[in-house]
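Chemist: These protein sequence lines map, in sequence, to chains H and F.
For the first sequence, this note's numbering begins at -10 and goes up steadily by one.
For the second sequence, this note's numbering begins at 14 and goes up steadily by one.
FYI, nobody ran anything at the bench for these hints, they're computed from the structure.
Incorrect hints may have been included.
[To be verified] Take a look, some chain H residues computed to stay more than 10 angstroms from chain F by CB distance:
| # | residue |
| --- | --- |
| 1 | Glu17 |
| 2 | Lys21 |
| 3 | Lys24 |
| 4 | Ala35 |
[Stated by the list, open to error] Sample of chain F residues facing chain H (criterion: CB under 8 angstroms; computed from the structure):
| # | residue |
| --- | --- |
| 5 | Ala96 |
| 6 | Ser165 |
| 7 | Val167 |
| 8 | Leu204 |
| 9 | Ala243 |
| 10 | Thr247 |
| 11 | Ser289 |
| 12 | Tyr292 |
For every residue, glycine included, the Cβ atom is placed at its ideal position computed from N, Cα and C.
Each chain, written out:
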Amino acid sequence: MSKEAVSNEALEIEDPNIALQNSDDFIELRTKFRKFVFPMTAAFLAWYFFYVLLAVFAHDFMGTRVIGNITWGLFLGLMQFVTTFAITIIYVRWAGREFDPRAEALAQKMGAVK
Amino acid sequence: MNPAATIAAIVAVSIASLAVGAFGLRFSRTVSDFYVASRGVGPVLNASAISGEYLSAASFLGVAGLILARGVDMLWLPVGWTAGYLLLLVFVAAPLRRSGAYTLPDFAALRTESQTARRVASALVVAIGLLYLIPQFQGAGLTLRTLTGAPSWVGQVAVAVVVCLAVLPGGMRSVTLVQAFHYWLKLLALLTPVFFLLVALASRDGADAVGTLGAVDVTDWVEPLGGDHALYLTYSLVLATFLGAMGLPHVVVRFYTNPDGRAARRTTLVVLALLSGFYLLPILYGVLGRLLAFDLVASGRTDSVVLELPSRVFDGVLGQALTALVGAGAFAAFLSTSTGLVVSVAGVLSQDLLRSGPGHRHGIRTFRLATVIAVAVGVVLTFLSVNVPVAHAVELAFAVAASTFCPLLVLGIWWRGLTAVGAVAGLVVGGGLSGSAVLATTFGVDRGDWLGVIISQPAAVTVPTTFATMVLGSLLTRGRRPEHVAQTMVRLHAPEHLVLNRGPFHPERTTVHRTEPTARRG
């Protein structure tokens, strides 16, 4: 958040929403989310783009047969489905274990009813 | 070949879809039901419906055809479609759901507080929806022509009529059940013939079916990414499919049907399992097609490989039964995607362009009128359009979505600096550039130079351009940030059971959700 944005909001500081948004707990929650999700996304995008690079520049390797007609290219291609699924499982578990309880605690603290 | 069995199967699928829809109708009572099934659908049912809707003509016919023709390059299409869902889940799904907006134009209006942004977004939803509807109708025409010899328009009109009948009575709630049913039908329709084909190959060639598949001549096939500009084309395709999924109107709206964020995450997990499982089958069809129906490549009919394979191996009753099953599955694919698209397009049309008066009755009547208009325009455009291969037509729709709604959603959710001017400028520039590329491709502009390459896969150029335009436009109009942007950001990012003032935006227009800032108590 830029300095200017903060000063813009100084006028509205009475609003509990803004108080919440600037509270340490909320900032910590948001940081936690970003620290997990952004590197993870960067990693899996890198892996997909790396596959394309391999396919273009390492023809011989990708054309090498593993079993029968299953080449490394085909094998790694199919592995991309597996990685996508694995990443989603990791994310869903992380969200359930780390993120939701904290969000819940924050909600309690802010006096939520439900 | 006697087409009676196929026609019977297609009629049966249509009737079953309508019957399941009518069953759902009993629960459909409110405007909210109509648009988003009152947000009360369980994860597995919802995931089946999402997958059913997502797996369109391109997935059912197109992927196998492209893999048959062009080899493993085309593996990227299903991989990108699957991974696009992951990006949607991580960056967009939860905040969008918390926003409480029914549609992408709702979101644009909420975030930018600008009616212009809303109208531009509405126009884009309708454009992308129609663009995506065309290959569905084309696929239907192709299927009926291949299997029964009927002219193309018969299949196109048949799908249009069934879609109308399915959407008109029940809105989104009935569509949810119909689409869940369609996913499982599509899976079965591809799985059963593959099973028979593999068994037949195994018994024909002894226990050496793997060896038979291994003997397919694949030298030009296993090496991915042949041809000129392979790196650019593939990166562009990857970008379009990864980022386009979040910008497809009928996909995004599905996330509103989850009861909460946790259920939305579980739903996505199931969706990815269902999608990856399904996508192995078109790949197999592509390989088998290489072995059994290679002549389709020469005659330019690769899109029909899934439909023709069973009858090439089996005669008599078995061949007819399997062909009928595949035909039924293909029809389920056209029906489910088309109904989802029509619901989204009609939703936007009736909310933003045809709104006649307040109240429940009016809302539903306009929605029905909008449905008929959307389907009719889709059919007319299909008649007018040139035949682009089904999967490529869908890629282009993804490219437009990635060049417009993806930047709007990502910047709107994660950057508080986005202003209405920046958003509108980005939507217009991105939509204009990618839209012209699509039109050029559709009308067969074929250039050998770099411009031609970019036109055939525009995403790698147009997506960064849109992001840049939005950022630049917002920075230039820094003083004109939306008045309630701080509240909106809280609304998007705060855990949803926090009772707090999420701002004045209430698309459901009921008084129940009007929450007071009770957070003061803490």
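Chemist: Determine which of the earlier numbered hints do not hold for this structure and return their numbers in increasing order.
Modeler: Those not satisfied are hints 6, 7, 8.
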